[in-house]
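Protein sequences appear in the order of chains R and B. FYI, in full-length UniProt numbering the residues of the first sequence are 1 to 321. FYI, in full-length UniProt numbering the residues of the second sequence are 1 to 270.
These are calculated hints, taken from the structure and not from any lab test. Careful, some of the hints might be misleading.
[To be verified] Below, computed lysine-lysine pairings styled on BS3-like, alpha-carbon distance capped at 30 Å: (1) R:94 <-> B:252; (2) B:252 <-> R:99; (3) B:126 <-> B:42; (4) R:94 <-> R:57; (5) R:57 <-> R:99.
Keep in mind it's a predicted model, so treat the numbers as computed, not measured.
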Amino acid sequence: MISPPAAASPRTGGTPVFRHELYPYRGEAAFLQGAVTFIHDALDADETVLVAVGEDKRAVLRDAVGAGAGRERVTFMDTGALGRNPGRLIPAWKDWIAKSFGHGLPVRGISESPWATATPAERGELRYHEWLVNRTFIDSPAWWLLCPYDTAVVEETVLDSARRCHPYHLVEGVHGDNPHFADGPFPFDELTAPRDPEQSLVYGAGDLGEVRARVAACARRHGLTGPRLQEFLVAATEVAANSVRHGGGRGTLRAWVSDDALICQFDDSGHIRDPLVGRYRPTPQQIGGRGLWLVNQLCDLVQIRSTAERGTTVRLSTALS
Amino acid sequence: MRIARNAASLSPVNVGDHVCWLVPADDDFRRTAYDYLHDGAKIGDKLMVLGPLSTAWPEWRPPQALLIDPAAGGSAWGTDSLVSLVRQEAETAGRQGYRALRVLARMDHVWPAGATPQQIADQELKLDALVGSGTAAAVVCAYPGRAFLPHILEQAATLHPHFAGSPARAPSFQLFSSGEGRWTVSGVVDADGVDAFRTAVTELLRTTATLRLLCHGLDMMDVAGMQTLAEAARAFPGRRILVEGCNSTVRKCWELLGFNDPTIAVELAP
Chain R
1 MISPPAAASP
11 RTGGTPVFRH
21 ELYPYRGEAA
31 FLQGAVTFIH
41 DALDADETVL
51 VAVGEDKRAV
61 LRDAVGAGAG
71 RERVTFMDTG
81 ALGRNPGRLI
91 PAWKDWIAKS
101 FGHGLPVRGI
111 SESPWATATP
121 AERGELRYHE
131 WLVNRTFIDS
141 PAWWLLCPYD
151 TAVVEETVLD
161 SARRCHPYHL
171 VEGVHGDNPH
181 FADGPFPFDE
191 LTAPRDPEQS
201 LVYGAGDLGE
211 VRARVAACAR
221 RHGLTGPRLQ
231 EFLVAATEVA
241 ANSVRHGGGR
251 GTLRAWVSDD
261 ALICQFDDSG
271 HIRDPLVGRY
281 RPTPQQIGGR
291 GLWLVNQLCD
301 LVQIRSTAER
311 GTTVRLSTAL
321 S
Chain B
1 MRIARNAASL
11 SPVNVGDHVC
21 WLVPADDDFR
31 RTAYDYLHDG
41 AKIGDKLMVL
51 GPLSTAWPEW
61 RPPQALLIDP
71 AAGGSAWGTD
81 SLVSLVRQEA
91 ETAGRQGYRA
101 LRVLARMDHV
111 WPAGATPQQI
121 ADQELKLDAL
131 VGSGTAAAVV
141 CAYPGRAFLP
151 HILEQAATLH
161 PHFAGSPARA
171 PSFQLFSSGE
181 GRWTVSGVVD
191 ADGVDAFRTA
201 VTELLRTTAT
211 LRLLCHGLDM
221 MDVAGMQTLA
231 EAARAFPGRR
241 ILVEGCNSTV
251 RKCWELLGFN
261 DPTIAVELAP
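Isolated chain R (complex conformation) (with noise of 0.2 Å):
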């Protein structure tokens, strides 16, 4: 049995919020009890449930919650079709959530990560997009997202950062608040040192055909052609020619392969404001800001470090297989 919040949520008066709520789990059988009932609890509220979780917990849970009435309410994403980059996940969220509000119901979701098989790169990553989901949503129309960590799987440090970045929590079936949550800024893990690059450059204005020329030579050096080498093209383009118009009108690029992937990092003196950067879907008749939505639908990863002092650092990943 799961107690209701004791808190205000977006079911039971007050001001609607939006509720972003870790629940730590230990094993497959916690994390049904705590899926099965926080969903069963939606459809006995005539909401509306999206599922996001990864394929084995897909189909438990699917046999789990049964073919009851208000089963057609509940709606497992298929998030495999996003790929592995982290930046994908808010503007799909977004979508779903918009959709389903369109139908008129109230939402509520469930999102688990898959910690188990990021690499150290995209965990920082995974963790950054838990810290951005809180300001993402913050205006949006109340909505309920459930996010359950494998205590098993989870690092004690991806633990701690969910922890401060989850205003509620679900704690042996109490749902409430949670009294490790900081709103402070995100603290960023230090990007790993670049290795010895096999290509740089020094890039300016009239220089983005040099920059593709330096990290194509990199790629095909190491077996990646075709499409995916000119989305990266692509992708690089558009950081460069950032670095030209936005950050100081040079940069430097770095490209390099680590763990069967192609890195390029691009360097300047701008100082990216917006946290959401890169996230936000773009309309058809909006003026500039699509670069960095576009890097993200385009890359395996991107990761983004920026400060006034220190200058921007974007750097790119693509799987080579």
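Chain B: place on chain R using the hints.
For chain B alone, coordinates are given in the frame of chain R:
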């Protein structure tokens, strides 16, 4: 079918060619130009040189050769003047029995006071449409590097199917006529060249209800290029751009960016 061609120097020129010759400051203009004209004289072309009278070659005299100094006479030389002159003299050359008209135009004398990118685009697009439409003419537009600002040279180079000059100065894309209302785009359209691309597309949309861009030779177009197409179409209500033959990456990016929207009068056709 016309295809883009870039060379370090002025390679053999054929009827239907429209060459942007970016003349380096230290280049022996006279020697290269002589070879070009001499080749034409040998195969029975009528020669026309636009430039200073001091570049007259005593070997060739009227009626085989015309030497015209646009700066002489004090009359205004508009963007259509060169196009009209080439059309008229090509017709005359045909009536006179020549194989074709072979033109060498010193653009610093066509535009002695300089030109805007729009003026260059207007002239070169019209000239290319003329030369590419079966007119018996070959035209070399000689742009001395010292006489024009870099963005003017870039604008000019992008609007010829053929380029002669330093490979480092070769245009990133080329846009040229492939028939009535059809324009081929080859190479790469990115933020570095997008101003020239915007100017060209805007000039074409002024006079074209449906602008067809044949992009089979387009390697890449970035966000700036795609945004330019969308904005250009929006600036000319009632007109539309049909983009044909673009590769899968261009198509994918176009859709990811949300440009495949019915409010945007740009269509990516197969």
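Can you confirm whether the C-alpha distance between residue 57 of chain R and residue 99 of chain R stays at or below 30 Å?
With a Cα-Cα distance of about 23 Å, the restraint between residue 57 of chain R and residue 99 of chain R holds, given a limit of 30 Å.
Take the C-alpha atoms of residue 252 of chain B and residue 99 of chain R, compute the straight-line distance between them, and say whether it is at most 30 Å.
OK: residue 252 of chain B and residue 99 of chain R at ~23 Å, within 30 Å.
Would the hint linking residue 126 of chain B and residue 42 of chain B be met if the CA-CA limit is 30 Å?
Measuring from Cα to Cα gives roughly 29 Å; hence the hint holds.
Within 30 Å, alpha carbon to alpha carbon, are residue 94 of chain R and residue 252 of chain B?
holds (21 Å)
Verify the proposed pairing of residue 94 of chain R with residue 57 of chain R, using a straight-line Cα cut of 30 Å.
holds (22 Å)
The structure is consistent with each of the numbered hints, conforming to all of them.
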